[in-house]
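Residue numbers (my numbering), protein chains in the order written: chain W, 1 to 300; chain C, 1 to 417.
Check each hint, because a few of them may be wrong.
[As the list claims (entries may be wrong)] Below are the EDC-like pairs computed for lysine to aspartate or glutamate, each with C-alpha atoms no more than 16 Å apart in a straight line:
hint : chain 1 : residue 1 : chain 2 : residue 2
1    : W       : K132      : C       : D248
2    : W       : K143      : C       : D241
3    : C       : K47       : C       : D68
4    : C       : K306      : C       : D173
5    : W       : K49       : C       : E100
6    : W       : K49       : C       : E96
7    : C       : K128      : C       : E100
8    : C       : K314      : C       : D105
9    : C       : K314      : C       : E100
10   : C       : K235      : C       : D248
11   : C       : K132      : C       : D105
12   : C       : K228      : C       : D404
13   : C       : K128      : C       : E96
14   : C       : K228      : C       : E160
15   : C       : K414      : W       : E65
Please keep in mind that the hints were generated in silico from the structure rather than gathered at the bench.
Given the structure is predicted, the values throughout are model-derived calculations rather than measurements.
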Amino acid sequence: MTNAGTPRVALERFLDRWLPQIVVSPLFAASLVFVYAFIAWTIYISFTKSGVMPNYTLVGLAQYERVWSTPRWYVALQNLFVFTGLFIAGCMIIGVLLAILLDQRIRLEGAIRTIYLYPMALSFIVTGTAWKWILNPTLGIEKLVQGWGFRDFSFDWLVDPQMAIYTVVIAGVWQSSGYVMALFLAGLRSVDDEIIRAAAIDGAGPVRTYATIILPMIRPVFLSSIIILAHLAIKSFDLVVALTGGGPGYATDMPATFMYAFAFQRSELGTAAASAVMMLMTVMAIMVPYLYSEIRGSAK
Amino acid sequence: MNKFSLLMSAAAISTIVLPTATFADGTVEVLHWWTSGGEAKAVGELKSSFEAQGGTWIDSPIAGGGGDAAMTALRARVVAGNPPTAVQLKGPGIQEWAIEGSLNDVDDVAKAENWDAVLPPVLAAIMKYEGKYVAAPVNIHRVDWIWANPEVLAKVGVTEVPTNWDEFNAVADKLLAAGITPLAHGGQPWQDATVFEVVALGIGGADFYRDALVNLDQAALASDTMVKTFDQLRKLRGYVDQGFSGRDWNLATAMIMNGQAAFQIMGDWAKGEFLAAGKAPGKDFLCAPAPGGAFVLNSDSFTFFKVEGEDQLKGQQVLASLIMSPGFQETFNLAKGSIPARTDVALDKFDSCAVKSHEDLTAAIAANSLVPSMAHEMAVSRTVRGEIMDVVTNFFNSNMSSADGVQALASAVKRVQ
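Excised from the complex, chain W in its bound form (with noise of 0.2 Å):
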C-alpha cells in the first residue's frame, strides 16, 4: 500500500509546489513576448532608419533628433501636461464633491449614482463624437444660445486652436468624473461613523469634518485615483481622435497621435518608435517611484 502511495504522494508535492508557477507561466511568457519584448524592439527600431518597412541599419539617434526638432512634438508634449494636468484637478474635484454630496445620505442615491457612473459605460469615441456636435459652433450650444436671441453669445472653443484642447478635457472630465466620485463614495463609506459622531460633539462643522478628518483618512483612494487618471490621460487616443482629429491644424496633437501618424499615415517607423520610447519614459517616470513606493511600503 504504502509503496502505491508514494508516487502519487510525490505528485501531489510536486503540484503543490510548481502548481502556482504551472499555471502562471503560460501568462507570463505571452506578456514576456507581446510586452516586453515588443518594447524591446521598439526601442531597437528607434535607433534604425526604418520607414516604410523596418529596416535594421543603425543611425545612432538620429530619430530622437528628429522628433525633438520637430515643432508639432512640442506641441504634442504641451497638450499632454495641460491635458493631463487639468483632467485629473477636474474630475478629483468634480468627482469629490459630488461623493460628498452623495454621502449626505439623501433619497434616490441608487438613481443618481448611477446617473453618474453612466458616461463611464460609454467608449471615447462615443464621448467624443457627442461632444463634438455640442460643441460645434454651427450645430451646437452656440448656435442654441444665439437661437434663444443672444446674437453676441460666442463658444468657439472646438475650432480655436489655442482654446481646442480644453474641449477636450471637458469631455474627459465629464466623461470619466463619475468614476472617481464612486471610488470616493466607496472610500467615504468605510470610514467609522464613531469618528463623525465624535467630532460632532466636539463641535467641528460639516466642511471641519471633511476637510481635516474624513479626506486625510482616505488618502489612499486619492493614490489609486490619480494613477487610474493618469494613465487614462496619457494613453488618450481615441477621444483627440474622435473630439477634434488632432485639430484645428495639429493643436490639439497628443504623443499618442504623434506616434500613430508618423508610423501609419507617414512611413516613418523609426521617428515614431523614438516618439513611443519617449512616451514609454514619461510613463516611466510617473510609475517608477510609485511602485518604488509600494513596494518600499509593504516590505516594512
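Once you have looked at the hints, place chain C on chain W.
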C-alpha cells in the same frame, strides 16, 4: 528520334506554351480601400472584367483611415513573405516599395501595348522604377477645380467662376457682404493642403509649383511668391464658415448643393457627389479650372508586388493589360467620376466637366504645365508631404504671419531631406 517521342515532346511543348498563349485565367488578389459608393462600383467593374476573361479575383478590401489601415495590412503581408498580387498604391509610394525590392515589373505587357505612347509622360514616370513599369494607372483626377453654385453666385450678380485670385477675392467679399459663406471647406490637413497647392499654382504658375512642391527647391520655397501664396491662403481663411474645423469634404460639397456656400476648391471626386445627388453640370453646379492655366494631376494606380507561382504571375500580366485597355478605362472612370489615364480614349459618354478636364490635360501636356499633386501623394514622399501639411494646416488654423509660414515651410522641408 522516333515518331512517338516527337509526338511526346510536341505534346509537352504545347502544354507549356498553350496556357500562356491563351488569353484567359490567372489569379489575382487585389488589396484596395475603395469601399464606398462610386468607388466600390468602380472596383466592381474591374473585378467583373477580370473574371469575364476567366481569371480568379480574390478581393481584399480594407477600409479605414484613407488607406492607412490597408497600408498597415500590406506591411504585415510583405514582412510575412505573402504579398497580395496587386495593391492600390500611388505616387512616390510606389517607389518606396520598389526600393525595398518588393515589386514585380510588367514591362513586357507595357512594351507590347506601347503604354509610353498613350500615358502623359509625367504619369508614366511615376509608374516606372528604373525604367520599367511596376504599376498601371486606372484614372486621372484633376485636383485644381473650383466648384460653384450658380444660383448663389447670381445673388451677387456673378455668372462666371473667377479666373484669378484677385477676382475671386472680390467676388468673395461681395458674398460676405450679402451674408453668404463664400468658401465651403473642411478643416482637415489634406483639404488644407489641397487648397494650398491650388493657390500656389494660381499665384506662381506651373514652373513655380514644380520648383517648390515637386523639386523642393529651397529658393522657391522661401520666395516672395510663396509669401504671396500664404497671403492668399490667409484671405481664404476669412471666407470659410465657423464650423469648418474637421468637416469632411463631402459635407462641404453638400453646402454648395444646398446653397449654403458659393465655392469649393476640391478635386473632381466632388463631381461624383453632385452627380449622385442628381445635379446637372452647368445648370445646378459649375465646374471651372482654378487659376493657373495648368493641371494638377492625381491618379490612382495598381502596383504589382513580388508574387510567386505561374498562376499569380499570369494574373498580374492579365490585370495590367486589362487595366490599360481602353474599354475598361472608359467604364471604370464613368463610375468613378475621373477621366481615363490613357489620353486616347474617346469621351463621348462623359459629362462636360470630364471633357473639359481632358482638353485641359492635353493642353497642359503640350505646354509642359502638367504637375503632380503634392497633397494627394503624387509629387513627394509621404514624409515630406506630412511635414508640408503640418505647416500648411498650422498656418491656416492660426494667426501666423505669411513670412513666418514660409520660414516654417522651408525649414520643415530641409529637416526631412
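These are the hints, each one checked on the structure:
1. K132(W) - D248(C): Distance of about 13 Å is within 16 Å: holds.
2. K143(W) - D241(C): Given that 16 Å is the threshold and the Cα spacing comes to 13 Å, the pair holds.
3. K47(C) - D68(C): With Cα atoms ~23 Å apart, K47(C) and D68(C) exceed 16 Å; violated.
4. K306(C) - D173(C): violated, 55 Å
5. K49(W) - E100(C): Answer holds: K49(W) to E100(C) is near 13 Å, not above 16 Å.
6. K49(W) - E96(C): holds, 14 Å
7. K128(C) - E100(C): Holds, at about 15 Å.
8. K314(C) - D105(C): Roughly 12 Å between the alpha carbons, so the hint for K314(C) and D105(C) holds.
9. K314(C) - E100(C): violated, 23 Å
10. K235(C) - D248(C): violated, 21 Å
11. K132(C) - D105(C): Distance ~6 Å between K132(C) and D105(C) Cα, so the pair holds.
12. K228(C) - D404(C): holds, 12 Å
13. K128(C) - E96(C): With a Cα-Cα distance of about 12 Å, the restraint between K128(C) and E96(C) holds, given a limit of 16 Å.
14. K228(C) - E160(C): violated, 24 Å
15. K414(C) - E65(W): holds, 14 Å
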